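Enquirer: For reference, the chains in residue letters:
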Amino acid sequence: METKLLTEFYHLDEFRSLGGYQKKGGYEVLKKALAMQPQQIIDEVKASGLRGRGGAGFPTGMKWGFLPKNNEPRYLLCNADEGEPGTYKDRLMMERAPHQLIEGMIISAFAIGSKKSYIYIRGEYDYPIACVETALQEAYAAGLLGKNILGSGFDHDMDVYRGAGAYICGEETGMISSLEGKKGQPKLKPPFPAVQGYLRKPSIVNNVETLAAVIPILRDGAAAYKKYGTEKSTGTKLFSLSGNVVKPGNFEVPLAYPMKDLLYGLGGGMRPGRKLKAVIPGGSSAPVLTAEEAERATLDYECLAQMGSMLGSGAVIAIDDSQCMVDMLGVLMHFYHHESCGQCTPCREGTGWLNKIVHSILEGRGRLQDIDLLVRVADNMKGRTICALSDAAALPVLPMASPTSA
Amino acid sequence: MFALSQDGLNKVEKELKRYEAKESAIIPALYIAQKENGGWINEEVIQHLAKVMDIPDARINEVFKFYSMFNQSKVGKYHVQVCTNISCALNGSRELAEHICKELAVKPQQMTSDGRFTVSKVECLGSCGTAPMMQINDRYYENLSPESAMNILRNLK
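Order-wise, the sequence lines are chains A and B. Residue numbers for the first sequence follow our numbering, beginning at 1 and rising by one. Residue numbers for the second sequence follow our numbering, beginning at 1001 and rising by one.
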């Protein structure tokens, strides 16, 4: 069973338009929020335990709290550069409920005192971009954006920025570089974006789903939101299920939902005659779990971390027993090599070597010592670069290269 | 020599004023120019944009070369991009890409001799629950089989 705090009306076509969205209570939470003190909103989001839904899982309220306490202009940046292999939930949200994202963003912008926000959408998402742009026009025409929103005295402008095809722009500082009209290369932290972000101004970068989740939190209160999930993984989350299951799709369930129920219940299980072999639980950067581990895992930050993997973006990729793990590793290594931005040597060179070694094994030219070489290269890529892409490429190698998993 | 149309120039002008930083208009301008130049960008295009935008050509060039949606060589009227990342690969996308290439008698990343198609294997396009898929120009086609993909391609004008 799904628990639909965000996706309840996604099946209705009219929910995509301003009128249809308002008929289902849309923008009512914005009215409520504009009557609150910004600090009250931040406190409520903090109390809800909401964690970033893009992949890192950083507490949203705490992130907002890092902004300087002065009147310096600040930006709210929505990360809609969804590119983590296996992830397609932000696309669904923008296509089925663009006003939900906009409402969540206006509320969040009011909370952090931002007069300008951008939605950075990956360039390939032509249709989601059109959906969001149409919704923005509707929102401006209805006085929900621009000067003196709903008579509150709060001004806010929102615009879309179209990416141009680069996985690394999903990394928040890479995204900021791209928004500034540069190559999408990540920046060293500190300074964190909250202190120096877009154009060196304080900036908050949040994922599409995170910003939308602010709506149910303010509507029902942090206490109600926290009833779902565990102490450290609160609320509901969209999981993008893909791979070798009968019914792939996006499912909204409370955190700590049993992975088994997602795979075999909502996902319809494996195809006839096939058995589960492995699961990548949180997008391609999350280390793979064996079938046995996956079947006892729960979908929350703590459980998956304990198992040596991560919840990530919530992209659950199921792999059945007809697949070869080395072949899948080859697919991933090609991807990371292609997407390395080339800025840091361990990543630029390391991803190339991993890709070459794995493919030489796949082509039958493997030597026993290649396993050790893979592990050595991967070890030298971890924790040595500006961003986490290098780690993401190195991590899957270790469990997948172990002889028992192939 | 490449030059933007008046409409294109107006659009670039608008983008230059749209964002806080002028350089933020480089990506939008490259999109506009690529469309007017038949789907790809070359040195002439970069030089023209540098002049129009008053931004050094090297700045525009480095952005152009970084992003995969800007084509560095000619592509067919229909740019067919088949995702071969993990969720699609688990559902036969690599075989699909090979099938399309074979049927169109072309190698991956190459253009058919009549200039109609370029077939590329690309990374994740966020269509993982509807795999395998392909993108033709701006549009997604999902839940494909080799037969349905070829039907789609044959029915393009």
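No lab work stands behind these hints: they were computed from the structure. Since this is a predicted model, take the numbers as computed values, not measurements. Every residue, glycine too, gets a C-beta built ideally from N, C-alpha and C. Among the hints, a few may not be true.
Unchecked claim - Residues on chain A that point at chain B, a partial pick, calculated with CB under 8 Å: (1) MET1; (2) SER17; (3) LEU18; (4) GLU82; (5) TYR88; (6) ARG91; (7) ALA194; (8) VAL195; (9) GLN196; (10) GLY243; (11) VAL246; (12) GLU302; (13) ILE386.
Enquirer: Enumerate the violated hints, using their earlier numbering and listing them in ascending order.
Expert: Hints 1, 2, 3, 7, 8, 9, 11, 12, 13 not satisfied by this model.
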